[in-house]
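Trainee: Sequence:
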Amino acid sequence: MDEGTEQDRSVASATAFLDARALIGCRHRLNMNAKHPELLTGVREDAGVQQRREAAVAHRQRVRDALVGARPEQWVVIDPALRAGERAESTMRACAAGALCIWGGLLPQEPDTGRRGGAEILLRDLDRGGYIPVIVVNHKVTDPRQPEPAEFHPTTSDLYHWDPQPDPHRKLRQQPRDQQRLAHLYRMLQRHGLASPALVGGVIGYHFDRILVHDLTQVLADYDQRYADRIAVVRGELPTVPSKVAECRQCPWWNRGGADGRGCEGWLIDHRDVSLVAPGSRADVLRGHGVQTIDDLAAWSGPEPEDWQHGPFDEAVVTARAWIAGAPLVRRFDQVKVRRADVEVDVDLESYQEFGAYLWGTLLDGVYRPFVTWDPLPTEDEGRSFGEFWTWLMRVRAEAAAAGKTFAAYCYSRTAEDKWLYESARRFAGQPGVPTMEQVRAFVDSPQWVDMFQAVTEQFICPNGKGLKKIAPVAGFAWRDAEANGEASMSWYRLAVGYDGEPDLTQRTRLLEYNEDDVRATMVLREWMCPRVPGPHRAELEVPALADFGRVADLAPVGERSRASEAFGGGTISA
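Going by my numbering, the letters in the sequence shown line up with residues 22 to 596, in that order.
The set of hints was computed from the structure by calculation and includes no laboratory data. Since this is a predicted model, take the numbers as computed values, not measurements. Just to be clear, a hint being listed does not mean it is correct.
Claimed, not checked - Straight-line alpha carbon distances no greater than 25 Å define the calculated DMTMM-like cross-link-like pairs of lysine to aspartate or glutamate that follow: (1) K358 to D335; (2) K487 to D335; (3) K56 to D317; (4) K192 to E172; (5) K161 to D335.
Full structure from sequences and hints, please.
Mentor: Now the structure itself:
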């Protein structure tokens with residue numbers, strides 16, 4: 022190693038700091054951020070990420086105003102306008118004075134360990150001494166549930182009086198990032214003798230109804246190991262290489278950096294890295310068994326690894342073989358099936374963060390019908406548009422039944438639709454046309470509510486992913502707007518309703534066209550998978566079957582991937 026590299030590492034070791042945000046996510050991204058910050062100069066933050074950050078700031082402001090406003094005499098508020106060092110000094114003085122509640126506390130940076138961070142709230146532990154960290158986050162940390170016997174109930178506390186108790190009315194949402202941050206803060210408080218012996222921390226989530234209390238006893242060991250690894254990465258003491266994970270979709274290093282400037286994507290393709298077809302923890306398991314490349318996985322012939330917990334292992338092998346052949350889909354069965362009906366409605370919603378669902382788009386007999394409110398969310402007018410949507414949908418269903426016809430409504434990945442159906446019924450209960458929770462449950466649990474994402478999952482293996490934007494083009498569909506995606510629609514919506522100025526009517530049109538294309542894509546996909554009148558353009562003829570990927574030797578050579586892809590019409594892959 023040359024002297025310059027040693028000097029760079031020495032400087033990095035002396036100056037590197039790490040906050041809790043870096044404990045979850047990609048190690049290689051952390052390394053690249055530390056080594057090449059100059060390459061990110063001028064790179065615009067993803068609009069969706071920026072909006073979520075702004076929403077989190079606004080949420081914390083609301084929580085602060087409510088808590089401090091209720092009992093101002095109990096609170097010390099650290100001035101956020103102060104420099105970091107001054108905020109840390111103010112926090113330490115407040116702790117030394119025994120303040121009951123501290124808002125916006127920042128703890129002193131630790132040059133030796135590299136830790137830095139702060140908590141929205143530090144609560145004095147009146148029983149044991151020290152402080153309990155409480156963080157405020159803009160995501161859900163619990164869900165409501167009917168009280169029932171269970172082996173585990175999450176512990177929660179009143180917002181205004183610390184009194185942790187098992188809570189049978191809520192179920193826990195796993196949020197490892199919150200627990201890691203609390204462990205990080207506990208270690209920083211411990212450094213100064215300020216950590217409560219209770220070994221707990223709290224989280225106030227999006228609903229701002231209770232404080233979720235986490236026991237940190239079992240978290241600290243994992244945190245210590247994770248932190249030691251991450252700070253070593255930042256200091257240049259541990260090398261990293263790219264590996265595909267979920268956050269790659271929004272990472273600036275995906276197509277930037279590296280020796281040739283092509284970024285992680287280029288590196289992964291050049292190395293034929295196994296994470297391209299088995300991302301995230303799947304790749305970790307495979308590497309533990311010596312599988313480094315897609316070719317290694319495609320050549321697997323033994324029993325599946327004992328620690329494989331990601332679905333049928335033979336499908337992972339087929340996925341690798343399909344990637345080598347350039348096949349975007351593989352049929353699981355000879356005949357592709359999707360539930361069809363005499364009357365079919367396609368449904369897609371658009372929501373804005375957790376504020377609500379402003380648009381329910383539908384497609385019936387080729388006619389697009391949007392049910393929308395352009396009043397900025399949150400708004401009571403959302404209830405009006407939802408009620409009109411539900412009334413129309415139920416009328417179409419009733420008319421089909423009266424005519425002796427079958428009915429089905431289709432969406433793509435029902436998680437969002439189900440969530441906002443229930444949420445809208447709960448929030449707007451009693452308004453005209455709004456169903457009860459029981460009516461929503463009866464509908465979504467019926468065979469008349471069909472998830473095309475589930476149909477794709479059941480019928481195909483998808484080497485490139487199962488998102489609608491990945492699958493519908495294989496069926497021949499193209500969106501009118503090349504920038505159309507969920508994240509982009511968040512920015513369009515802000516402009517459309519005038520959050521930051523006058524409403525932009527062109528963005529309303531853009532959102533409606535995007536929504537219309539989504540429902541049309543679902544319809545095109547369904548007809549391609551299971552056409553009413555079979556023709557030459559259908560999945561059974563254009564997508565290769567599992568049998569076509571029985572042996573690695575049957576696959577097209579690497580240099581012939583594009584030629585193999587063109588052979589789909591015959592339903593086979595051959596060199």
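Trainee: Measure nothing beyond the straight line between the CA atoms of K192 and E172; if it is 25 Å or shorter, mark the hint as holding.
Mentor: 12 Å, holds
Trainee: Taking 25 Å as the top limit, are the C-alpha atoms of K487 and D335 close enough?
Mentor: Cα-Cα ~18 Å, so holds.
Trainee: Taken at face value, is the distance from the CA of D317 to the CA of K56 at most 25 Å?
Mentor: 31 Å, violated
Trainee: Is the straight-line distance between the alpha-carbon of K358 and that of D335 25 Å or less?
Mentor: Judged against 25 Å, a Cα distance of about 22 Å means the pair holds.
Trainee: Mind checking the alpha carbons of K161 and D335 for me, to see if they're no more than 25 Å apart?
Mentor: 36 Å, violated
The structure fails hints 3 and 5 (numbered hints given earlier, in ascending order).
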